[in-house]
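> Starting from the known structure of chain A, arrange chains B and C on it as the hints suggest.
Chains as they are written, first to last, in our numbering: chain A, 1 to 237; chain B, 1001 to 1293; chain C, 2001 to 2334.
One should not assume that every hint holds.
Said to hold, decoys possible - List of simulated lysine-lysine pairs, DSS-like, C-alpha gap at most 30 Å:
no., chain 1, residue 1, chain 2, residue 2
1, C, Lys2143, C, Lys2127
2, C, Lys2278, B, Lys1118
3, B, Lys1265, C, Lys2127
4, B, Lys1265, B, Lys1118
Hints listed in this document are in silico derivations from the structure and should not be mistaken for laboratory results. These figures come from a predicted structure and were not determined experimentally.
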Amino acid sequence: MPAILEVEALEAFYGRTKALHGVSFAMDEGGITTVLGANGAGKTTTLRAICAMIRRSGSIRFAGQRIEGRGTEDIVKLGIAHVPEGRGTFVDLTVEENLRVGAWARRAGGSVAEDMTRVFGYFPILAERRRQVAGTLSGGEQQMLAVSRALMLRPRLLLLDEPSLGLAPLIVREIFRILRAINREAGVSILLVEQNASLALDLADHVFLLETGRMVLSGTSDVLKRDDAIRRSYLGY
Amino acid sequence: MDVFLQQVLSGLATGGIYASLALALVMIYQATDVVNFAQGEMAMFATYLAWSMLNAGMSYWLTFVATLAIAFVAGVAIQRIIIRPVETAPILTIVIVTLGLLVILNSVAGWIWTYLQKPFPSPFPREPIRIGGIVFGAHDVGEIAVTLVMLALLFAFFRFTPLGLAMRAAAQNPVSSRLAGIRVGWMLALGWGLAAVFGAVAGLMVAPVLTLDPNMMGGIQIYAFAAATLGGFGSPVGAVVGGFIVGITENLVGTYVSFIGTELKLTVALAMIIVVLLVRPAGLFGRTVVRRV
Amino acid sequence: MSRGLRLALFVGAVGAAVVVPAFVSGFRLFQFTQVYIYAIALMGLNLLTGYNGQFSLGHGAFYAIGAYTSAIMMDRWNVPYGWTIPVAGVLCLVVGFLFGRPALRLEGLYLALATFSLALAVPQILKYFEHWTGGSQGIVLTKPKAPWGVPLTEDQWLYYLTLAVTVAMFVAAANLIRGRVGRAIVAIRDNHLAAEVMGVDTALVKSVTFGVSAAYTGVAGALSAIVIAFVAPDSFNVFLSVTLLIGIVIGGFASIWGNIFGALFIQFVPNWAQDISKAAPWAIFGIFLIGFMYAMPYGIAGAIRRLWIRWVVSRVSRAPGGDVRSSPAKASTT
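For reference, chain A alone in the conformation it holds in the complex:
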């Protein structure tokens, strides 16, 4: 399987402070990879660096194309959708308008209406609330909306930053189930940053573990789940 994302010697900076110290990894197309680690490990930073939201150096290849020199808007147009931490909802726009914004940069093919129908298929609650102002939605619904907005782009790669944050376990389980469906049906590769390690390990094929800006562990999720020592020392359970 060709690699959808190849990152080499990635360093990232907030002002003068270096937050990532030469992280390297690769993701296969169609796979689900999760990045785990404690607070401040650099997980969100990694996603931001890929999307050129912060200053970075090193090489980033998306489906073979070098993207480290490009701006956020161009990277998005190539097919990377980023669901940021906190969901990034357009709180004053309606649900439907949020989805339309998501389709702004889409790659060619299919009408916006079709995609909206598909997305409502994954998240029927959004169809019910389509004319509601997005700021009035619950946390879980906003997360569904954020994922849907990302899907409207018809991305090849979906970056998710802590989708479980602040949500009830039942809702999180539902969202993760749908993520798996999206991955399988639409072939969207997923790079998932999570603190909820057990849920993430259930969903993902591959795992990377970050600690203070460095990659300390990488492997398949099966192996990690079975290795008690690693699990206990790094993931705490």
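Coordinates of chains B and C only, in the frame set by chain A:
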């Protein structure tokens, strides 16, 4: 009763002008937290360009459209060339830049076209119009019509087109907009362009009434501030409604309260600002901002 | 900056100011006097807007109150000019404090609008109360002579008087800012809620700051009445307030020295602009304004601060073992 209705309509006409300029101010403020102090002068400059075109023999409506087009391009250019270099600077720094622009435009206009007042034609007939047996000035009626048409077009643009939606998104949430592939910088530039268009409309509509001179828009801009404050600086709808209310109030107060002559009329606008700020700072349509800590 | 260096610069500046009249006279000397007056006014505005974060676009009103207080006292009641200065200051302190109370409810743009409206209304209010203010004609005063037969011309005497007042008020401001109150003032600007939670009486501090800020600008107004020997409503229109605002932005927020730079700018640059272009001098001024803001978005004092910090940092990191980068664990990730 007739006088009352006439004054109300007249108030709506001037209100339309305040509404247009207030809308321009609010559009830019909403997207950038910056009050463009040069908005009135930009409108004045556009009106002078129209005057030159009319003087060269162009027909009115062609000049109208050409002026709006030039205003749009100029607004975009000003944002990209003059405002962008200080985009990330403190708000007051950017405000000072707009003040600099104000002063430059005023001075250059005076230099090119002199400070002598120039008459400016109205596209509407001189004969008054009769509606329901009451006589109204044709310019007033025409002004209201032009304002309403422009507002309707703007509303339709923002509501129904993808570009309009992208602009709204960029103003509300620049970070998420970038993640949707929207070039936020260019959306801001477009906002400045549209604001300039509405400023130009205000200028073109008021010039026949006030006669054209470089300081023409100064008083209007103060009324526009009053309108935006009343309606709520964060709300385009508020700016428009505020503009009409200010216009009607100004006219009615001027007609029915005897000691308010023309100089004190401005004080009415100022008093409105103060009262609104004391009673309800966010304005009629604004929302009190609750900042999450 | 070390205290020694600071003191040396201060003494040097005052020393230079003291000898200026030896080289400069007449109108030029008058202009420098005006610079000091502006500097005091800017110090007042900077205290409120730069240090405390309350945007005022209406400080011209306090300047006017100070000027007219002084003028009326001298003209109506023959009060010696020296006494009018503290009286103007105290009056503006009270007025400013009273204004500061309702202003507590307004923030940012809204406070700016309210003060802007106030500034617009000032000339009309002054013209309205003609009995006191002399209406549009204003009040003509006599320029004071040097007291006790001191051999100075009127211009020179007024120069030294103004310089003395300026130095005194700047030293007082510096002490205020470096003390507990000053820290409270800045804390309110940086994080209102945190300041409150830490026990700062934000309402009181903000109102007092408004009062003190008005007092400074009122003193400047009083001095201007004495030095110019004339007050008229149209000198105190909205342009004055805007000019003061330009002064503190150009000079630099939350800076004491910045007010001197700002005062120099607002006094001299319009004249230079006129020298460059008789036809459109304000266009040149506008270009200067915009250019300054591009080059120094944090004002002159801000630019100097940056250069200073860069110089200090470059010396530190050249020292052996001096690593200026903080550890990555402190990076602000979420």
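> Regarding the pair Lys2143 (chain C) and Lys2127 (chain C), is the alpha-carbon distance no greater than 30 Å?
holds, 24 Å
> Run the distance test for Lys1265 (chain B) versus Lys2127 (chain C): straight-line Cα separation, threshold 30 Å.
Between Lys1265 (chain B) and Lys2127 (chain C) the Cα gap is close to 15 Å, so the pair holds against 30 Å.
> Can the restraint linking Lys2278 (chain C) and Lys1118 (chain B) be considered satisfied, given a maximum Cα separation of 30 Å?
Given that 30 Å is the threshold and the Cα spacing comes to 23 Å, the pair holds.
> Could you grab the alpha-carbon distance between Lys1265 (chain B) and Lys1118 (chain B) and see if it respects the 30 Å cut-off?
Satisfied, since the Cα-Cα distance of roughly 24 Å is no more than 30 Å.
Comparing the model with each numbered hint stated earlier shows that all of them hold.
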